[in-house]
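Asker: So you can see what is in the structure, the chains are spelled out below.
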Amino acid sequence: MLQSLLINGTINSSIYALIALGFSLTFGVAGVVNLYHGAYYMVAAYLTFVLSSAGLPLWFSAVIALLLVMLLGGVMMKYPLLYLKKKGDSIYLLIFTLGGAYFTQYLINILLGARFYSIPPFMDQSLTIGSEVVPGSRIFAFIVSVITIVVVMLFIGKTSIGKKITATSQDVYAAELVGINTNLIFVVTAAISALLAGIAGVVISPYLSISPTMWLSTLIKAFAIVIFGGLGSLGGSILAAFIMGYLESFIALTWTSSMTEVAFLVVVFIFLIFKPSGLMGKKTI
Amino acid sequence: MKKKISIPTIFVLLGTLLLFLFPVISGDLYLITVFSIALIYAVYAASWDLLSGFTGKENFGHGAFIAIGAYMLGLMSQHFAIQPYLSIPIAAVLSFIYGVLIGLPTLRLKGPYFALATLAVATIMEKMTYSFSDITGGEDGLYGIEFLTGDEVSSFYFVLIFAVIAIFILYRIGKSNFGLTLKAIKSDDDAAKALGIYTDKFKVLAFGISATFAGIAGTISGHYYSYVGPDIVYPLSLTIIIMCVVGGLGSIIPAALGGFALSYLSEMLRDFGDWNQLIYSGILMLTVIFLPRGVFNIIGDLFKRSKKSHGEMLGKEVKR
Amino acid sequence: MSILSVQHLLKQFGGLKAVNEVSFEVKKGDRLGILGPNGAGKTTLFNLITGFIKSDSGTVNFQGESIIGMSPEKIANMGLVRTFQIVKPFKELTVFDNLKIATLSKKMKKEIKSEPERNSWIEKIAEMAELSHVLSENVELLPHGYLKKLEVAKALTANPTIILLDEPFAGLTYHEIDPISRVIRRANEENGTTIVLIEHRLKEFMKLVERIVAIDYGEKIAEGTPTEIINNPKVIESYLGKGGADLVNS
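Line by line, the protein sequences give chains A, B and C.
If you read the first sequence in this note's numbering, its first letter stands for residue 6, the second for the next number, and so on.
If you read the second sequence in this note's numbering, its first letter stands for residue 2, the second for the next number, and so on.
If you read the third sequence in this note's numbering, its first letter stands for residue 45, the second for the next number, and so on.
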């Protein structure tokens with residue numbers, strides 16, 4: 006049992022970390038709570054499904070899907086989101102992005118129906134760890150997630166664009182003063198965020214079913230993890246993702262899986278009330 | 002000091018009058034039902050506006066308050082037949098307490114943090130409702146609730162009178178010094194404190210009042226359908242936000258009109274099946290971008306230009 | 045009779061003592077000025093006295109009662125009201141409604157018995173603050189000078205016993221300062237309102253206050269009449285740097 010918990014917990018946590026990282030990035034850098042984030046996850050999965058069903062090779066479909074989702078993320082930021090952000094009241098941004106996610110859900114519902122789909126696995130071989138036989142698709146998801154997270158952290162830490170992103174996240178005005186094109190940074194960050202969510206969506210689709218409502222619980226979890234981990238801290242999001250991932254596996258094993266979402270929400274509620282800055286958050290509300 | 006009655010007010014009064022006369026003019030039971038439901042939504046929206054429109058703290062879990070009223074009724078109805086004259090006061094008290102209970106810990110939260118906290122509460126309630134299905138009926142809900150009255154027409158009048166009273170009360174609260182203080186607090190909490198306003202008390206009270214009206218409306222909804230269930234309670238959290246944003250925040254009546262109109266629209270679009278919800282969310286996105294002040298607020302604004310300013314009404318000269 | 049007594053007030057942020065054992069007394073009806081260069085700790089002092097920040101140690105007594113640890117709204121209801129350096133008008137509200145908020149506190153609700161009384165009180169303050177002609181305007185349309193006037197007017201509408209004004213003249217032109225200076229003086233001379241004023245626009249300041257407490261680096265460096273203060277070498281140095289006194293005297 007413990008073994009199953011560790012293995013599943015680790016795999017799920019890495020996926021959560023990937024999704025949360027994307028959410029945290031846009032939140033921390035652009036100050037935008039993008040409730041559409043879960044939809045990138047969904048759209049990438051569906052695009053991969055559609056393209057590969059149309060005959061394109063699986064890997065190729067995935068890459069095209071991710072590029073399209075990146076584009077979507079950038080365009081969404083550049084036009085509606087930056088416009089709404091300038092207007093002030095965050096409620097409109099929240100409502101617009103949430104509405105957009107529902108819109109996407111209903112659109113997919115009309116175009117493809119509400120049935121569950123899945124795609125063939127990227128990697129067939131399964132791995133036997135101890136007494137568990139772990140399917141190849143899960144191993145693949147884990148490996149891709151970890152590699153992506155590492156690449157992203159390196160990108161942010163080492164490249165010049167990465168540093169510009171960090172600077173913008175600390176103080177937009179100061180960043181502008183030193184010549185950083187913050188609007189461009191916002192758009193780039195949004196594209197990266199969408200990409201991260203999209204990658205997560207693509208790698209889980211072989212073993213989790215794709216449905217038009219899959220975005221909402223993913224969004225809530227990502228939001229919860231980022232708050233828990235602390236706004237402004239990418240490391241905090243990753244840490245929180247792993248804590249929540251293991252907690253979820255634990256609850257699913259010992260109680261019921263329907264309560265796992267409650268667990269997420271209770272944790273985040275407690276943190277919001279007592280420590281809104283989260284585990285490692287730098288900024289206060 | 003006599004105030005002129007504005008044109009939008011006349012329209013609202015006329016509309017209300019028409020609603021009163023509708024069953025007399027037309028026997029269309031289907032429309033009467035649609036209007037009854039739309040009126041309940043109007044109260045949901047008005048109750049949301051008093052909290053979120055006035056204080057600027059956008060409640061993403063309004064369904065929780067509706068649930069208290071609805072499920073209190075549903076649960077009690079499983080044991081004995083409870084009539085509206087009893088269930089409504091109970092709903093009012095319970096909802097008020099619940100509103101205060103949620104308002105207190107979330108006092109320091111704003112914007113997306115507050116949204117998440119309130120969403121969390123409502124979602125936890127929703128999941129619990131599904132989990133403890135033995136008691137709550139799970140996704141099937143609870144039946145056997147006393148009807149409001151024997152037939153559609155008198156039920157309609159019951160709901161109409163309730164809605165008119167509820168929305169009127171909320172409107173007057175909004176226009177009162179209490180409502181004004183809420184708006185000041187929304188604008189600048191510290192400045193209000195510096196003038197001696199106990200901002201926390203006002204915010205918590207707004208929570209309580211908002212929850213009370215939502216809870217009562219939820220109870221009435223339960224009596225109306227003789228049924229309560231998660232499907233007519235929790236998804237409303239988002240629906241009501243849409244109604245208020247589209248209708249317009251901060252003056253109660255535009256939000257209520259938004260609730261009524263969108264409920265009616267939703268019913269009219271029902272034939273379109275899945276397109277219904279697509280259009281709904283599309284309207285929302287467009288409104289947020291192009292008409293953020295809200296349709297009915299904007300309409301009201303157009304008529305305000307002809308209104309005399311307060312200074313002029315005091316007989317003082319206004320430099321233009 | 046001391047209406048406000050500040051004793052050894054201390055506030056530390058990390059290693060920095062923003063307010064370092066500041067003490068002074070204010071008597072009823074005084075017009076006291078707090079003088080000091082930017083960053084001296086004047087606004088922090090105000091925030092400590094009015095309950096917006098918690099002090100680390102020291103006492104603040106208002107009308108004989110300790111107000112340390114009280115919330116800003118409670119202190120305001122006792123009659124101690126402050127304004128903000130960066131104006132905080134209630135946006136989306138008219139000037140009239142901005143003033144009205146001040147009449148809706150617990151204290152003011154006891155003093156004002158009816159709506160007509162409330163309206164005439166607001167109009168009276170508006171007239172004194174020379175805002176009568178913009179009462180029905182939305183504050184977002186007002187120029188900065190009017191907003192500064194409104195900031196003072198709001199505080200006066202709360203009928204305070206003592207009012208703490210944080211740089212009421214900042215960002216104003218000379219002819220915008222005069223009306224505000226007049227309003228402050230009138231409140232003090234006609235209503236007996238005690239005034240404590242932070243400013244570093246010296247000319248206007250000097251005309252308005254009777255006594256000055258000079259602050260630098262969080263500490264009180266001098267106290268006295270305006271004439272004494274401007275000739276005080278420590279004060280001169282706080283503005284001009286070391287040797288500043290010599291500079292002035294040469």
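Derived from the structure by calculation, the hints contain no laboratory data.
One should not assume that every hint holds.
As the list claims (entries may be wrong) - Quick list of simulated restraints, FRET-style, between CB atoms:
#1 Ser222/A x Ile300/B: 37 to 47 Å
#2 Leu54/C x Tyr131/B: 34 to 44 Å
#3 Lys83/A x Glu65/C: 50 to 60 Å
#4 Asp302/B x Lys91/A: 40 to 50 Å
#5 Leu303/B x Ala214/C: 53 to 63 Å
#6 Ser7/B x Lys83/A: 34 to 44 Å
#7 Asp222/C x Gly162/A: 15 to 25 Å
#8 Asn182/C x Phe255/A: 36 to 46 Å
Virtual Cβ for every residue (Gly too), placed ideally from N, Cα, C.
Asker: Against the range 37 to 47 Å, how does the distance between the Cβ atoms of Ser222/A and Ile300/B compare: consistent or not?
Answerer: holds (38 Å)
Asker: Falls inside 40 to 50 Å, the C-beta gap from Asp302/B to Lys91/A?
Answerer: violated (22 Å)
Asker: Could one say that the CB atoms of Asp222/C and Gly162/A fall in the range 15 to 25 Å?
Answerer: violated (57 Å)
Asker: Given the hint of 34 to 44 Å, is the C-beta distance from Ser7/B to Lys83/A inside that range or not?
Answerer: holds (41 Å)
Asker: Quick one: are Leu303/B and Ala214/C within 53 to 63 Å, going by C-beta?
Answerer: violated (39 Å)
Asker: Taking 34 to 44 Å as the hint, is the beta-carbon distance of Leu54/C and Tyr131/B inside that range?
Answerer: violated (56 Å)
Asker: In this structure, is the beta-carbon distance linking Lys83/A and Glu65/C contained in 50 to 60 Å?
Answerer: Given range 50 to 60 Å: holds, Cβ gap about 54 Å.
Asker: Given a hint of 36 to 46 Å, does the C-beta separation of Asn182/C and Phe255/A actually sit inside it?
Answerer: violated (56 Å)
Going down the numbered hints, you'll see the structure goes against 2, 4, 5, 7, 8, while the others check out.
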